[in-house]
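Enquirer: Going line by line, the protein sequences match chains A and B.
Note that UniProt numbering numbers the first sequence so that position 416 is 416, with each residue one more than the last.
Note that UniProt numbering numbers the second sequence so that position 83 is 83, with each residue one more than the last.
What the hints contain is simulated information worked out from the structure, not anything from laboratory work.
Using N, Cα and C, we set each Cβ at its ideal position, and we do this for glycine too.
One should not assume that every hint holds.
To give an idea of the chain B side of the interface with chain A (calculated C-beta under 10 Å), a few residues [said to hold, decoys possible]:
(1) Y20
(2) I25
(3) F71
(4) D75
(5) S97
(6) E99
(7) I119
(8) E123
(9) E181
(10) G201
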Amino acid sequence: MSHPENATEFLKDQAKAKWHDETLWFVRDKRDRISKTIPEWEQLRDLASQIKDNVLVNLASYLEDFERNALQNGIKIHWAADAEEHNQHVLRILQEKNCKAIVKSKSILTEECHLNPYLEKEGIEVVDTDLGERIVQFLNQPPSHIVLPAIHLKKGEISDLFHEKLQTEKGNDDPYYLTQAARIHLREKFLGAKVAITGVNFGIAETGEFVVCTNEGNADMGVHLADVHIACMGIEKILPRRKDLGVFLRLLARSATGQPITNYNSHFRSPSPGKEIHIVLVDNGRTAQLAREKFKNSLKCIRCGACMNTCPIYRRSGGFSYGSTVPGPIGSILSPGLDMKKHSTLPFASTLCGSCSDVCPVKINIHEQLYEWRQEITKTHGEFGKGLSMKLANGIFKSPLAYKISGNLMRAALRALPDSMIYHPLNTWGKSRNLPETPTETFQQWYQKNRP
Amino acid sequence: MENFKPNVALFIPCYVDQFYPKVGIATLELLEKLGCKVSFPAGQTCCGQPLANAGYERDTIGTTRHFVAIFKNFDYVVAPSGSCVLHVKEHSPRVPSLEKEQKELHDKVFELTEFITDILKVERLEGRFQHRVGYHASCHGQRGLRLASSSELNQIPFNKARKLLGNLEGLDWVELDRTDECCGFGGTFAVTEEALSIRMGRDRLEDHLQHQVEIITGGDMSCIMHLEGIATREGQKIKFMHIAEILNQAIT
């Protein structure tokens with residue numbers, strides 16, 4: 001289904017749509033307020049953007065530094081050109097360890113690679129340990145938001161779900177009670193897993209260490225109890241130096257949830273005695289995006305989700321309306337690079353209001369890239385009728401006479417036609433909106449008469 | 001201001017020409033009152049924005065060439081629209097052999113309120129407008145041309161429209177809950193994403209209605225056409241005026 005169809009469906013439940021809008025606006029507002037307590041906020045954004053510029057220009061050498069340093073630290077490195085290779089690496093490690101059940105903390109990359117169904121097909125139990133992710137996993141849904149995976153659900157729905165899955169009291173929707181139930185349930189899973197998978201927020205080239213940020217401490221719990229830690233990392237997650245974290249960690253939590261700092265920013269540098277750390281470095285379309293001059297800086301993204309919280313479209317259509325792993329504005333500039341046909345409506349799911357670009361902590365010009373994707377998409381996937389009418393319009397607008405004739409005809413028609421015809425169902429504008437009253441003369445006509 | 005009488009060309013967006021001649025007239029009269037020599041070069045059509053935003057920027061070269069030919073010989077080009085000005089400056093395609101004229105032209109195209117505050121350097125307007133006014137910030141003016149500080153950014157607050165309206169005697173400027181959220185017009189978005197467009201428009205209207213706004217104003221008639229269209233359909237009593245209409249009426 002296209003974005004407009006999904007959005008229309010989402011908006012049918014008006015009360016819930018309003019709640020969704022207000023909930024995410026609350027997060028955006030919190031981000032606004034905390035960002036304004038940092039006098040150097042805009043300089044931090046500039047700095048972060050420049051550091052990422054440097055990373056993108058020198059990505060190959062930073063990746064080599066990162067690999068060399070990580071290997072020296074006793075970490076094992078695996079390179080994956082695409083999702084399939086990523087999944088194969090993970091499966092191979094699990095098979096070597098004879099592991100049948102794993103815990104996984106939040107990783108958008110493993111969602112992108114569809115790791116869960118891949119492993120489940122091989123008979124491996126995958127338990128997402130982030131609370132929101134566990135909730136959507138119970139429902140067999142993907143996350144609807146990259147930071148707040150279950151933000152589309154109200155607590156009553158979670159109460160019903162936990163009653164069914166975790167045998168909690170029927171109708172008890174107290175958040176503390178439900179969280180305790182999830183804790184007890186997850187504790188067992190943590191204790192039973194020999195391998196833990198995490199994502200990576202930042203990989204540091206100069207040290208070969210990586211940083212994982214979670215609010216729940218679930219990544220740490222999983223990793224410390226398991227013998228083997230597999231960290232799945234997109235190749236763009238590199239930062240040159242450890243001190244760059246001083247810029248990025250300050251921006252990330254404030255942009256994501258309006259917190260001063262993420263609760264757990266854990267640095268992993270080398271495995272404890274007797275344990276193993278593996279990093280799977282994944283391309284999956286990233287180098288192709290890097291080669292697209294107009295779109296390459298979409299790779300600066302640190303997955304904070306601020307553009308989703310601020311987007312007036314996302315807030316009113318929900319994450320699932322996008323039909324892509326990363327929803328919202330940033331997803332709409334990343335996804336067409338992966339599959340332009342499938343995601344051809346996404347760059348049009350925007351008014352180009354520019355709010356996404358202004359909240360972005362690494363200053364990705366998101367709305368300008370949405371505009372640029374439109375130019376690309378219409379070259380190959382433009383509907384014929386739309387293309388034709390656009391060419392016609394250019395014919396009209398470059399000729400003053402043609403413009404005058406068609407304008408006069410249009411206004412005459414609007415004045416003469418009965419409302420029932422103007423507000424015909426085929427006139428999408430008029431379904432829920434009136435047209436302006438048609439004036440008797442245009443400005444041009446007025447000017448000629450009054451200012452000869 | 002005494003010796004400075006710039007030769008200003010009025011750039012009237014196509015839908016203003018066709019549907020809102022009164023906004024064109026108000027802009028013309030206002031600029032004249034502020035001491036400009038204003039003319040309306042004949043043969044104007046459309047800047048090409050609807051096509052470009054729909055993904056057909058490459059098909060607007062003819063339109064753009066026409067635009068440059070009409071406006072290149074003026075000191076300034078002023079339009080009662082942030083959106084069309086932004087399009088001309090940022091999204092009109094480069095026309096082969098006209099690059100120099102285009103660049104020079106882009107530096108002298110202005111949206112009305114920024115022209116008054118930044119070029120005419122008007123510090124305060126004296127006049128009277130006894131109404132409770134809600135300001136709708138069009139996104140292209142707001143975040144494109146930076147006509148006001150953005151709620152997302154950590155910057156010193158400013159608002160060029162408010163600077164002009166704020167001094168009018170009797171004008172009650174209303175603070176909204178969401179000062180610069182999009183109304184959902186978005187050009188072709190208004191029809192391709194109809195359901196969302198209407199929802200966004202209703203939410204914007206509600207913010208004004210909850211604050212007992214009498215008149216919604218703004219710098220872009222496209223947003224106002226959309227908001228007014230919804231308000232009229234739903235029988236709301238709230239009124240709509242372009243900022244040029246308010247200023248022109250107030251300073252007589």
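Enquirer: Indicate, hint by hint, whether the structure satisfies it.
Expert: Each hint tested on the structure:
1. Of the supplied interface hints, the one on B/Y20 holds, with its beta-carbon coming within about 7 Å of a beta-carbon of chain A, less than 10 Å.
2. Hint on B/I25 holds. Least Cβ distance to chain A is approximately 6 Å, under the 10 Å limit.
3. At about 13 Å, the closest approach between the beta carbon of B/F71 and any beta carbon in chain A exceeds 10 Å, and the interface hint on this residue is violated.
4. Residue-level restraint check for B/D75 is violated (minimum Cβ-Cβ distance to chain A is 19 Å; threshold 10 Å).
5. For B/S97, the shortest C-beta to C-beta distance to chain A is roughly 16 Å, which exceeds 10 Å, and the interface hint is violated.
6. Interface restraint check for B/E99: the shortest CB-CB distance to chain A comes to about 18 Å, outside 10 Å, so the restraint is violated.
7. With a least beta-carbon distance of about 22 Å to chain A, the hint placing B/I119 at the interface is violated under the 10 Å criterion.
8. Of the supplied interface hints, the one on B/E123 is violated, with its beta-carbon coming no nearer than about 27 Å to a beta-carbon of chain A, more than 10 Å.
9. Hint status for B/E181 relative to chain A: holds, with the closest Cβ pair at about 6 Å, below 10 Å.
10. Against a cut-off of 10 Å between C-beta atoms, the interface hint on B/G201 holds, since the closest Cβ of chain A lies about 8 Å away.
In the structure shown, a violation is registered for the earlier hints numbered 3, 4, 5, 6, 7, 8, in ascending order.
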